[in-house]
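Chemist: One-letter residues, chain by chain:
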Amino acid sequence: MNGFLPLSRRAMLATLAGAAAVTILPTVSFAEDDIVLGLVSPLSEPGDVRSGEAIKKTADLWIKKINEAGGIIGRKVKLAVYDDQGKVEVGVSAMERAVTEANASAILGVWSSSVTIGQMEVAKGYDVPLLAFYSWSDEVTSKNYPQVFRIGPYNSQIAAQMVPFVKERGYKKVVVLAEDTAYGLGFAKAFEEAAKSLPEVSLEVVQFQAQTQDLTAHMSKIAASQPDAVIVQTVFAATNLSIKQGREVGLKAEIITGWDWPLLPDFWSTVGDAGVGVIYPTFSDPSMTVTKVGQDFIDSYKAAYGSDPAIFQYYLWDNFNAVKAAIETTKSSAPADLVKALPDTKFEGTIGPVFFRNEAGTVNFHQWDKFAMFFKKLNKVGDGEAQAELVYVVK
Amino acid sequence: MSAGADHGTKPMMDQLIVQSLILGLLQGGLYALLAVGLSLVFGILRVVNFAHGEFAMLGSFAAVFAVTSFGMPAWAALIAAAAAGALVALITNVVVLRPIYLSRMRQKGEYTIIATFMLSQFLIAATTVLFGTTYRNLPGLWESNLNFFDYVYLSGNRLVAFSAAIVMIGTLFWIVYRTDTGRAWRALTQSPLGASVVGIDIHKYANYAFLVSGAFAGLAAGLLAPLMFVFPSSGVVALVKAFIVVIIGGMGSIGGALAAGLLLGVVEVMGTIFVASGYTDAYGFALMIAVLLLRPAGLFGKMGRAI
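From first to last, the protein sequence lines are chains A and B.
All letters in the first sequence, in the order written, are residues 0 to 394 by numbering that gives the first Met the number 0.
All letters in the second sequence, in the order written, are residues 0 to 306 by numbering that gives the first Met the number 0.
Think of the hints as simulated: they come from the structure by calculation, not from any bench.
Beta carbons are placed, not taken as given, at the ideal position from N, Cα and C, and that holds for glycine.
Here's a subset of chain B near chain A, in silico, CB distances under 7 Å, partners left out: (1) Q18; (2) N144; (3) S232.
Just chain A, with the same shape it has in the complex (with noise of 0.2 Å):
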């Protein structure tokens, strides 16, 4: 006997095994009388963890402040975080569990489109309040639901403010770049309606699978019909191939990107050159007035991760402000409370006042959408939002 218990491999596998559920189960006892709020982001493969990420710090940081500052009529606030993976029913089975096991009084973080728009029927089942910030669809308002609000942008708005630009640019030619989501395909059909008061533009729409990591097949195709400019919708890793390998085809139109991830930090380490002359979409600029709270957040935010927060990270900011409002006006944290006095709420918000609007019927439904859109330039390598160009303003 050498001191030690025999273990046998079955016994180390039964061991590993239960540490690692012990770590990953997420942990859903509070007190009871905290408010305990439900983020349900991309946190894992194959879920836009970037994006993830940056909710999570964001979401930590807001629970942190306010507690801080006391909580929230008296109460502390607690955060149930549940991973969707970017799969439509992982998300929903996780906003089941925020909201059954974690009694979440509202379900933030949503991210993908298509993931929001399963959890809306969870949201409305058990009549509690979901909040999208950067979940782009129409359907995410358009479908009406009275648990769901949206302080952010969405698809046939950026697609209608894309239009005069398209116009000022002077392109003939358009492609449209869409992966096969809610949210691509979305954007596609909202920009094809929108550019129906263009007839002098040509406009085509490539699809291709979300996962993809090879679009050389699509850009050859693309470049093959010589566009004057390719609009890419994608969240995943086909953001920066469709450039890097757009030009390593022979694709020499104009690219814009469906949202601002150039300023990713990934970018220009995985771009490179074929990042020059890329034009991008974005809600902030410089010249963007900044709220008290808006420059609260920056300076927390930079505090505590050394960079500044991206223009999404604001509209979720609002967000948890847009639930904190509520409670402190019904006195209450149960999700039925919340639901009702929501579409009423009013406050500052980090760019300017927030309110929803509430236009039954159309998307503008439970929707905030007070922002202007600019377009950008990347002129050359390592270019960010400070040095990109200004080339079209959208207010």
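With chain A fixed as given, assemble chain B onto it according to the hints.
Modeler: Showing chain B alone in chain A's frame:
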């Protein structure tokens, strides 16, 4: 349609056909390189290795770190990728798989599938935790976009990757059919018991098979990394493609893997460009189903085991 437009469309279509054919073949060569390791291990040990894609992924991470952390040149990064893939494959064989395929349990095949699938998930999760989810790029050996007479456009790295893939697969042919190691492997495919009776060390040659399989996966990933990106789940798609190639080519057939890889690459690219762009993966699956219906053992497979 105007006459001018008609004159312009046909040459463009010809150009697109040539471009897509070349792209498909180049892509197919890499699919084949990814698949031969999988095929080799299946042929010799009947292990269906679901962690093969993660051997590739870890190889590509090793290549990235070789360049970014140690300042190695691109060619050395490929060696690092192959070495990392080989090392992880060897450890997997010794720690995870050998106890299963040498055991007396029934359903060994099923257990190896479960074990390698779990290992694959573990490696993706561990890599995510350790290195994050940022997309990383690896400089290639030929960082140029080539333009042949304004007719065919390719990246230099894609040509390098294809050439290396063909050389590596040729080398594997040579090993299998011209060396003692290859002869031992072929003996093992016919009868592991008979092979051990005549003095072939099963452990040793199984280890060799995994080393080669992992090295090929790592090298393929290192060659692909400058064309695509490196991230924790990058091996998932690679594994799916490798499986399709192995099934089409015939389980355990190296020549079949090469032919099937090229065929898959061409079918995917042509389908995407000329049929519908949103179903790239579906073309591969359709091809696989057609082959399974018409020739269940694969195009070059035999009903028994072989390499």
